[in-house]
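Number of protein chains: 2
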Amino acid sequence: MTKIPHRLYLTEDQMPKQWYNLRADMPEQPDPMLNPATLQPATEEELYPVFCKDLAHQEMDATTRYIDIPEEIQEMYKIYRPSPLIRAYNLEKALETPAKIYYKFEGNNTSGSHKLNSAIAQAYYAKKQGLTCLTTETGAGQWGTALSEACAYFGLDLTVYMVKVSYNQKPYRKAVMQTFDANVIASPSDTTNAGRQILAKDPNTGGSLGCAISEAIEKAVSTEGCRYVLGSVLNQVLLHQSIIGLESKKAMEILGEYPDVIIGCAGGGSNLGGLIAPFMQDKLTGKANPRIVAVEPASCPSLTRGKYAYDFCDTGKVTPLARMYTLGSGFMPSANHAGGLRYHGMSPILSKLYHDGYMEAVAVEQTKVFDAATTFAKYETILPAPESAHAIRAAMDEAIKCKETGEEKTILFGLTGTGYFDMTAYQAYHDGNMTDYVPTDADLQKGFDGLPKVD
Amino acid sequence: MTKIPHRLYLTEDQMPKQWYNLRADMPEQPDPMLNPATLQPATEEELYPVFCKDLAHQEMDATTRYIDIPEEIQEMYKIYRPSPLIRAYNLEKALETPAKIYYKFEGNNTSGSHKLNSAIAQAYYAKKQGLTCLTTETGAGQWGTALSEACAYFGLDLTVYMVKVSYNQKPYRKAVMQTFDANVIASPSDTTNAGRQILAKDPNTGGSLGCAISEAIEKAVSTEGCRYVLGSVLNQVLLHQSIIGLESKKAMEILGEYPDVIIGCAGGGSNLGGLIAPFMQDKLTGKANPRIVAVEPASCPSLTRGKYAYDFCDTGKVTPLARMYTLGSGFMPSANHAGGLRYHGMSPILSKLYHDGYMEAVAVEQTKVFDAATTFAKYETILPAPESAHAIRAAMDEAIKCKETGEEKTILFGLTGTGYFDMTAYQAYHDGNMTDYVPTDADLQKGFDGLPKVD
Chain A
1 MTKIPHRLYL
11 TEDQMPKQWY
21 NLRADMPEQP
31 DPMLNPATLQ
41 PATEEELYPV
51 FCKDLAHQEM
61 DATTRYIDIP
71 EEIQEMYKIY
81 RPSPLIRAYN
91 LEKALETPAK
101 IYYKFEGNNT
111 SGSHKLNSAI
121 AQAYYAKKQG
131 LTCLTTETGA
141 GQWGTALSEA
151 CAYFGLDLTV
161 YMVKVSYNQK
171 PYRKAVMQTF
181 DANVIASPSD
191 TTNAGRQILA
201 KDPNTGGSLG
211 CAISEAIEKA
221 VSTEGCRYVL
231 GSVLNQVLLH
241 QSIIGLESKK
251 AMEILGEYPD
261 VIIGCAGGGS
271 NLGGLIAPFM
281 QDKLTGKANP
291 RIVAVEPASC
301 PSLTRGKYAY
311 DFCDTGKVTP
321 LARMYTLGSG
331 FMPSANHAGG
341 LRYHGMSPIL
351 SKLYHDGYME
361 AVAVEQTKVF
371 DAATTFAKYE
381 TILPAPESAH
391 AIRAAMDEAI
401 KCKETGEEKT
411 ILFGLTGTGY
421 FDMTAYQAYH
431 DGNMTDYVPT
441 DADLQKGFDG
451 LPKVD
Chain B
1 MTKIPHRLYL
11 TEDQMPKQWY
21 NLRADMPEQP
31 DPMLNPATLQ
41 PATEEELYPV
51 FCKDLAHQEM
61 DATTRYIDIP
71 EEIQEMYKIY
81 RPSPLIRAYN
91 LEKALETPAK
101 IYYKFEGNNT
111 SGSHKLNSAI
121 AQAYYAKKQG
131 LTCLTTETGA
141 GQWGTALSEA
151 CAYFGLDLTV
161 YMVKVSYNQK
171 PYRKAVMQTF
181 DANVIASPSD
191 TTNAGRQILA
201 KDPNTGGSLG
211 CAISEAIEKA
221 VSTEGCRYVL
231 GSVLNQVLLH
241 QSIIGLESKK
251 AMEILGEYPD
261 VIIGCAGGGS
271 NLGGLIAPFM
281 QDKLTGKANP
291 RIVAVEPASC
301 PSLTRGKYAY
311 DFCDTGKVTP
321 LARMYTLGSG
331 FMPSANHAGG
341 LRYHGMSPIL
351 SKLYHDGYME
361 AVAVEQTKVF
371 DAATTFAKYE
381 TILPAPESAH
391 AIRAAMDEAI
401 KCKETGEEKT
411 ILFGLTGTGY
421 FDMTAYQAYH
431 DGNMTDYVPT
441 DADLQKGFDG
451 LPKVD
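If you read the sequences in order, they're chains A and B.
Its first residue numbered 1, the first sequence is counted upward by one per residue in our numbering.
Its first residue numbered 1, the second sequence is counted upward by one per residue in our numbering.
Chain A extracted, bound-state conformation (with noise of 0.2 Å):
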């Protein structure tokens, strides 16, 4: 019937033993991160009391290019990993387009997401230490039932302050992070002094990522053998997510087939560059030119809208300076925004990537990603993250241009997720409830006000 199969998966002998550290190719360098005191690059050794040393040393390492991923690493992945790349056979029939489409579907283990591929490497890093215990925020929650699940194997305590408007709205994921054994607090919380505080002004509030952020660095530095984690934007997440790169780069070569655009999602950039790691590797190298395309949501844009500036990574102003894209840390995208990719920010690594024009990046609307998503679901039986389906729209745009055109273009995009936890926001659109926000340039200025004065 069909030479190329509709899944691919690698056999163990065939999965990466080492991730890719994309830095170690790029002709420049991002800006260094800054202490926000001193104004002054931060060191390796500054980062030890936040993170653990491993990781410190990855967060600076750019020259590096393949770094061994640890046995006890390579045995975890293996236990959901290889995640298979999958020929969207269906869809390019129903959208009658020349088109071929390939996914890389991330979706396949009980995080629901990615997200898992550098919970474990924090996880076994902490471990490996002899920290005993992991603090972190979640808003969504995937990042912290990943986490939940990598601390449940290695057997660290995980804290996890989850903000309380999605506490009490998801409790189906605080559930699954319990069966996980985390501690999952709902921020803000009478156990640091920061959510004191803000309960003390305000008992009745919702809490936001940047209060539990604040609470889980207080917890962190204040517990013995404690540290902070995140699972997007720093250099280390984005050197863990290249297995997914890697591995669609490896499936792509065994079917003699090579991306002339990859597209993937992106929030804070975990699963775009893991993704394009290799691909924009053979970019940075003349090895290859293929399009890479970010997709982030209009109500939240950072690449296409935001400022390429120095900036906190948190809306609590408690960490290090980053030089990025973002829409300042005080901004808050709106409430009908479904799903992850609300953050401020962008990868320092991605957004100079961006800057020095090897990316571009598009902004989609709310309904037409959830157009996409159900149109997705019916022919692939996948129900995706709304985070995922941004990607799927993008790619579903080119396969369609491709249809007008008949190019014949090999279009991968990053399915990082499922959607069972999102239903609520499948409900609004199926019941015609979902809207679309674009924020005004009135809107954005009140973020970039806020900007440190760095230069």
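In short, the hints are calculated from the structure, not lab data.
Keep in mind that the hints are not guaranteed to be accurate.
Here are the simulated distance ranges between beta carbons [stated by the list, open to error]:
no. : chain 1 : residue 1 : chain 2 : residue 2 : range
1   : A       : A335      : B       : N193      : 41 to 49 Å
2   : A       : K401      : B       : A335      : 29 to 37 Å
3   : A       : S222      : B       : R291      : 49 to 57 Å
4   : A       : N433      : B       : G256      : 50 to 58 Å
5   : A       : R196      : B       : T435      : 33 to 41 Å
6   : A       : N433      : B       : R291      : 51 to 59 Å
7   : B       : T435      : A       : Y437      : 42 to 50 Å
8   : B       : D157      : A       : N433      : 23 to 31 Å
9   : B       : R291      : A       : T11       : 43 to 51 Å
10  : B       : T191      : A       : G256      : 49 to 57 Å
11  : A       : N168      : B       : G256      : 49 to 57 Å
12  : A       : K128      : B       : G286      : 50 to 58 Å
13  : B       : D157      : A       : A335      : 44 to 52 Å
Some chain A residues well away from chain B (every beta-carbon gap over 12 Å; in silico) [said to hold, decoys possible]:
no. : residue
14  : A24
15  : P41
16  : Y48
17  : D54
18  : T64
19  : C133
20  : Y258
21  : G330
22  : D356
23  : E380
24  : I400
25  : K401
26  : D441
Okay, derived cross-link-like pairs now, DSS-like style, lysine-lysine, Cα gap no bigger than 30 Å in a straight line [said to hold, decoys possible]:
no. : chain 1 : residue 1 : chain 2 : residue 2
27  : B       : K378      : A       : K93
28  : B       : K453      : B       : K250
29  : A       : K287      : B       : K250
30  : B       : K250      : A       : K78
31  : B       : K78       : A       : K250
By construction, the Cβ of each residue, glycine as well, lies at the ideal position given by its N, Cα and C atoms.
Got chain A; can you put chain B on it based on the hints?
This is chain B only, laid out in the frame that chain A set:
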């Protein structure tokens, strides 16, 4: 590290191209279905108003050993199959057992379970006959979701009668079905005479599976081009589900393995019958002698405490009579019983095999099932459906016995699906609010008193 991979996926070439019809190798056939009006064996033609012709034929065909899977169905299977055969290395290590534990994982599709294997077949044959719509009922929602996907794929209208209490308690399941364009109606409804009558008596009723079946059948027989379909119990369903066992056996052959014991959860028998089919063939034909174990909830113990008798397949008493292990069609499991496996009877094929001594059965209590589910989730990073966790419980108990005896048994169990839509039950477990319920003999006697007088 390990010679046998964590996960084995067959290639598309290795996927079964025929289903296996277990009846062809049974030394004695199950007793025939009876027309409840005449108490005479039902004929194939008598089934035509309810089932489309190909399915009616499959229902009655006890002699054709292998039945070609139509190419259209094979193509659809390739969208989510083959499912992996997974070696539970981590669970083995955690249990310190010398046993080798394998499981066949059927949850990697949006329906979250094995139900899609038969839903696709039933939708395909309906489409082939020129029908335009199907009806069904759903309780927990896995079957309704699977059939919604299949109908969206083949372009059939689908009406799902969902028990009202589930409709209200599981809005997310409804939203998933709506994503696949299903018309989901809370039952009882005012769309049928059956529903209106029940509502007239008790406007506030939460509904029952029996009532939903009655409405779905009424809707099907009163609508041009429409048929009613069912996701378990039937011979045709076991035939379609044989793909689970065929893939499992093939994968184990590739690994040079053969199970000493095969374990599956059992509600109506769709998963168990499919998983064991080719192994039971070996047993019936003297080629091998594996133990085969059905696991049922202690709160709905049709095999371990039911009667082998003629009974209606539905609580509304409109279906033909089947001889099977049954608790009586009026039996309702306790409200505290989470998840599926609530059916009063058991597949006539499995009932006959159990009656004739080819199978064992165990009943397990709910809290012990959730103990197993959470342990499994931690070590294997898959959150199991409560139904599937019954098999996990029994597999773990076997492995623990092996630790005591030192036996290096090879255990195979079926992991039918994921528990993402069962977090209410998991939360009850985490909160210590989950209880066990075992019906008394007097409770069961009430169900037996309602059995039809046939002999």
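Evaluation of the provided hints:
For the pair A335 (chain A) and N193 (chain B), the beta carbons lie near 45 Å from each other, so the given range of 41 to 49 Å is met. In this structure the supplied range 29 to 37 Å is violated for K401 (chain A) paired with A335 (chain B), their Cβ-Cβ distance being about 54 Å. The given range of 49 to 57 Å is respected by S222 (chain A) and R291 (chain B), whose C-beta atoms sit roughly 55 Å from each other. In this structure, N433 (chain A) and G256 (chain B) meet the distance hint of 50 to 58 Å, their C-beta atoms being roughly 56 Å apart.
Checked against the hint of 33 to 41 Å, the C-beta distance between R196 (chain A) and T435 (chain B) comes to roughly 37 Å, which is consistent with it. Between N433 (chain A) and R291 (chain B) the Cβ separation comes to about 54 Å, which falls inside the hinted range of 51 to 59 Å. A C-beta distance of roughly 46 Å is found between T435 (chain B) and Y437 (chain A), which places it inside the suggested range of 42 to 50 Å. The beta-carbon spacing between D157 (chain B) and N433 (chain A), approximately 24 Å, falls within the hinted interval of 23 to 31 Å.
In this structure the hint that R291 (chain B) and T11 (chain A) lie 43 to 51 Å apart at CB is violated, the actual value being about 32 Å. Separated by about 53 Å at the C-beta atoms, T191 (chain B) and G256 (chain A) satisfy the suggested range of 49 to 57 Å. At roughly 52 Å, the beta carbons of N168 (chain A) and G256 (chain B) sit within the given window of 49 to 57 Å. Restraint check, K128 (chain A) to G286 (chain B): a C-beta distance of roughly 54 Å satisfies the suggested window 50 to 58 Å.
Between D157 (chain B) and A335 (chain A) the beta carbon distance is about 36 Å. The supplied range of 44 to 52 Å is therefore violated. The Cβ of A24 (chain A) sits about 28 Å from the closest Cβ of chain B, beyond the 12 Å cut-off, so the non-interface label holds. Once the 12 Å rule is applied to beta carbons, P41 (chain A) is consistent with being away from chain B; the minimum gap is 38 Å. Listed as outside the interface, Y48 (chain A) is consistent with that label: its C-beta sits roughly 30 Å from the nearest C-beta of chain B, beyond the 12 Å cut-off.
Here D54 (chain A) stays apart from chain B, with its beta-carbon at least about 21 Å from theirs, past the 12 Å limit. In this structure T64 (chain A) is separated from chain B by more than 12 Å, as the shortest Cβ-Cβ distance comes to about 24 Å. No Cβ of chain B approaches the Cβ of C133 (chain A) within 12 Å, the least distance being about 17 Å, so the stated non-interface status holds. Distance to chain B confirms Y258 (chain A) as a non-interface residue, since its nearest Cβ pair spans about 22 Å, more than 12 Å.
For G330 (chain A), the requirement that its beta carbon stay farther than 12 Å from each beta carbon of chain B is met, with the minimum near 33 Å. For D356 (chain A), the non-interface assignment is confirmed: its Cβ lies about 38 Å from the closest Cβ of chain B, beyond the 12 Å cut-off. The Cβ of E380 (chain A) does not lie farther than 12 Å from every Cβ of chain B; its closest approach is about 7 Å, which violates its non-interface assignment. Non-interface status of I400 (chain A) relative to chain B is upheld: no Cβ of that chain comes within 12 Å, the nearest being about 20 Å off.
For K401 (chain A), the requirement that its beta carbon stay farther than 12 Å from each beta carbon of chain B is met, with the minimum near 25 Å. For D441 (chain A), the non-interface assignment is confirmed: its Cβ lies about 35 Å from the closest Cβ of chain B, beyond the 12 Å cut-off. For the suggested pair K378 (chain B) and K93 (chain A), the alpha carbons sit about 40 Å apart, so the restraint of at most 30 Å is broken. Of the pairs offered as hints, the one joining K453 (chain B) and K250 (chain B) is violated, with about 44 Å between alpha carbons and a cut-off of 30 Å exceeded.
Between the alpha carbons of K287 (chain A) and K250 (chain B) the distance comes to roughly 42 Å, so the proposed pair goes past 30 Å and is violated. For the hint linking K250 (chain B) to K78 (chain A), the alpha-carbon distance of about 21 Å falls within 30 Å, and the restraint holds. Of the supplied pair hints, the one linking K78 (chain B) and K250 (chain A) holds, its CA atoms being roughly 21 Å apart against a limit of 30 Å.
Violation of the numbered hints given earlier is confined to hints 2, 9, 13, 23, 27, 28, 29; the remaining hints are satisfied by the structure.
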